[in-house]
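*Asks:* Required output: the full structure, derived from the provided sequences and hints.
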Amino acid sequence: MERIPGYRTIRRVGSGGMAEVFLVEREADGRRAAMKRLLPAYRDSDVMRRRFSHEGRTTSSLDHPNIIKVLDYIETDDDCALVIEYIDGPSLDDLIEQNRVFPPLLAAMVAGEILKALECAHAAGIVHRDLKPSNVLFRSDGAPVVTDFGIAYAPELTRLTQTGHLMGTPAYMSPEQASGEKIDPRADIYSTGAILYEMLAGQPAFAGDSTAAVFMNILGGSRRDLFELNPTVDEQLEGIVERCLAKDPEARFQDATTALRAVAGYLEGRIQPGDAGCLKRLVDDPPAVFKDLHSRTSAAFVADAEKTIARGRSGLERAHVQFSRAHFLTPDEPAIQARLRDIATKLNISASPDLQVKIQELEGKLASHPDNPAVTLQLARLYRQTGNLLRVEGRLRRLRRTRPGDTYLLRQVASLVGETPPPPAASPSTGPIVILDAPERRKIPWGWIATGIVIAAAAATTYFLGHFIDTRKSSLEGEILSQPLFDPNDEPAKIDPAERQKKLLLAQAQRHANGGNPFDAVALYDQLLRVYPNDPEAASFKLAKGLLLSRMMRWFEAEPLLREVAEAGGKPGLDARIEMAAIAEKKADYPQAAREWREIERLTRSDDPLHQRAAQRAAEDESKTGDAPS
Numbered sequence: 001m002e003r004i005p006g007y008r009t010i011r012r013v014g015s016g017g018m019a020e021v022f023l024v025e026r027e028a029d030g031r032r033a034a035m036k037r038l039l040p041a042y043r044d045s046d047v048m049r050r051r052f053s054h055e056g057r058t059t060s061s062l063d064h065p066n067i068i069k070v071l072d073y074i075e076t077d078d079d080c081a082l083v084i085e086y087i088d089g090p091s092l093d094d095l096i097e098q099n100r101v102f103p104p105l106l107a108a109m110v111a112g113e114i115l116k117a118l119e120c121a122h123a124a125g126i127v128h129r130d131l132k133p134s135n136v137l138f139r140s141d142g143a144p145v146v147t148d149f150g151i152a153y154a155p156e157l158t159r160l161t162q163t164g165h166l167m168g169t170p171a172y173m174s175p176e177q178a179s180g181e182k183i184d185p186r187a188d189i190y191s192t193g194a195i196l197y198e199m200l201a202g203q204p205a206f207a208g209d210s211t212a213a214v215f216m217n218i219l220g221g222s223r224r225d226l227f228e229l230n231p232t233v234d235e236q237l238e239g240i241v242e243r244c245l246a247k248d249p250e251a252r253f254q255d256a257t258t259a260l261r262a263v264a265g266y267l268e269g270r271i272q273p274g275d276a277g278c279l280k281r282l283v284d285d286p287p288a289v290f291k292d293l294h295s296r297t298s299a300a301f302v303a304d305a306e307k308t309i310a311r312g313r314s315g316l317e318r319a320h321v322q323f324s325r326a327h328f329l330t331p332d333e334p335a336i337q338a339r340l341r342d343i344a345t346k347l348n349i350s351a352s353p354d355l356q357v358k359i360q361e362l363e364g365k366l367a368s369h370p371d372n373p374a375v376t377l378q379l380a381r382l383y384r385q386t387g388n389l390l391r392v393e394g395r396l397r398r399l400r401r402t403r404p405g406d407t408y409l410l411r412q413v414a415s416l417v418g419e420t421p422p423p424p425a426a427s428p429s430t431g432p433i434v435i436l437d438a439p440e441r442r443k444i445p446w447g448w449i450a451t452g453i454v455i456a457a458a459a460a461t462t463y464f465l466g467h468f469i470d471t472r473k474s475s476l477e478g479e480i481l482s483q484p485l486f487d488p489n490d491e492p493a494k495i496d497p498a499e500r501q502k503k504l505l506l507a508q509a510q511r512h513a514n515g516g517n518p519f520d521a522v523a524l525y526d527q528l529l530r531v532y533p534n535d536p537e538a539a540s541f542k543l544a545k546g547l548l549l550s551r552m553m554r555w556f557e558a559e560p561l562l563r564e565v566a567e568a569g570g571k572p573g574l575d576a577r578i579e580m581a582a583i584a585e586k587k588a589d590y591p592q593a594a595r596e597w598r599e600i601e602r603l604t605r606s607d608d609p610l611h612q613r614a615a616q617r618a619a620e621d622e623s624k625t626g627d628a629p630s
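Numbering (my numbering), first residue to last: 1 to 630.
Don't read these hints as lab results, they were simulated from the structure.
None of these values were measured; they are calculated from a predicted model.
The reader is advised that the hints may include incorrect statements.
Listed below are the simulated BS3-like cross-link pairs for lysine-lysine, each with C-alpha atoms no more than 27 Å apart in a straight line [what the hints assert, rightly or not]:
| # | residue 1 | residue 2 |
| --- | --- | --- |
| 1 | Lys587 | Lys624 |
| 2 | Lys346 | Lys365 |
| 3 | Lys542 | Lys182 |
| 4 | Lys503 | Lys182 |
| 5 | Lys587 | Lys182 |
| 6 | Lys586 | Lys503 |
| 7 | Lys280 | Lys69 |
| 8 | Lys247 | Lys291 |
| 9 | Lys624 | Lys586 |
| 10 | Lys571 | Lys586 |
| 11 | Lys307 | Lys291 |
| 12 | Lys182 | Lys116 |
| 13 | Lys542 | Lys571 |
| 14 | Lys280 | Lys116 |
| 15 | Lys542 | Lys247 |
| 16 | Lys542 | Lys587 |
*Replies:* Next comes the structure, spelled out in structure tokens:
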């Protein structure tokens, strides 16, 4: 390895996807720093060198205590290096791996510092795009520092940040980033929510056996409720996480300042005088600070349980939930174990096998429709009968979170946990309407009747919803068969069975390509090409598959397919060349993009709007590389 002038290398610290990191000492003043150098395989790549330079310029433009400081950028003919401050503390990824579940107070404090860094970056028009626990380091004073702005988006540098692969780390990507759409600062808000979720749950919000599986879960899957994984998380903090992780960017916090304000609101009143040094203690002795905060929170749960235990059955149930939360934090505490056994005996709860079967059935339905209120409410009731009171609390939290304005439903929730119900809505949309005077109402057991109506309605809703879910898959083929896939003048007896199968496959592929599952669409086009390799429409199948792969940012697979279609010519060939030019631009390979546009210009007539557009785009790309013809 060649020596970089002005710096003495002490040791190699590690390496990443495109660079390796060394601990170095500046010869002028002896200051230690970290030096990132491009891996040898990338040193001749103009794209990689521009991205490396981009990271240096982007980060050096940001001056904030929670953002890594750039000290120097060095570039020679055959090498380039970025010198940044050396941080000898752990990464957030290390701390999560070592300690798993963070105390909520500590997790919120870390998230708040990350949001402060984002507030600065976003104000400068910079979106990080790759926020993850390994990109958050801790200084010795406990300050979290956001690092690695290598693929950050800045308006004037958009095209330098793409290399033919989807930018970012799958588990922390927002849905719009995972699907290759245009992103804005709200993508970083999502990533912060994913980090906060992982700190609190001890596992990522979305996982999978492959990158494709992770993407599918992010785009269309559901995640486990935080309370289910960590019952010590209160509703206010869980609500912040849920809002950050909203699939629709419009439903998230719209900027880092608003998100930071929400986190600060959560911390207000919870931070005690001795908590100011929590983050420094997190760096110095993580197990000790975790133990202290867990013990403090557990004691608060126990105190609340002791206050409610004398309030009848509902008080016993509330106490059982609070003791269970304390037990989660301090599982070896004998006094808490004894209290849980005592309360369980007083509640005299026993679960029948039939209830467990019904619970499993409803949980399966809820996985497909996580916000269905009837299923959620019925599950809460069944869990109450089995004595799983933590699950009752979790299901009721979901109802309060997803149906905050449904007063009638919230009254049913309150009746389950013995809380004071909210006042009835002025114009309730659901629930029984009683048109009797007061004396008559007292004569009739309306409470029991209303409860019966609600249970019956919930059961009916659950049944019909379940029937819908169970029959949806079997009806898909019927829907496809009912579509007008053939010419109305065709006689059924004369339709070739092979042609019919092809049209059915094509209809399914188009269904998934246009708003369905793109992975299934690619698989269906593969099947079409295997079964009908010499079909007159084979070029169209290849083009459709290539466009889908490009949309999914799988350019290394898309390009050979598009090249094959382009060389075959015709309308599909022109469409393939347009997409190849677009891919080249996204990869900042402007010479190749210009060549594609020039070929499109050559293949089209001068009065064709595409001819004029191709000439304009070619000129633009040539100007970016200095290759414009004289």
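*Asks:* Take the hints in turn and mark each one as holding or not.
*Replies:* Evaluation of the provided hints:
no.	hint	verdict
1	Lys587 - Lys624	holds, 13 Å
2	Lys346 - Lys365	violated, 33 Å
3	Lys542 - Lys182	holds, 26 Å
4	Lys503 - Lys182	violated, 34 Å
5	Lys587 - Lys182	holds, 15 Å
6	Lys586 - Lys503	violated, 34 Å
7	Lys280 - Lys69	holds, 20 Å
8	Lys247 - Lys291	violated, 35 Å
9	Lys624 - Lys586	holds, 13 Å
10	Lys571 - Lys586	holds, 23 Å
11	Lys307 - Lys291	holds, 25 Å
12	Lys182 - Lys116	holds, 24 Å
13	Lys542 - Lys571	holds, 13 Å
14	Lys280 - Lys116	holds, 18 Å
15	Lys542 - Lys247	violated, 31 Å
16	Lys542 - Lys587	holds, 22 Å
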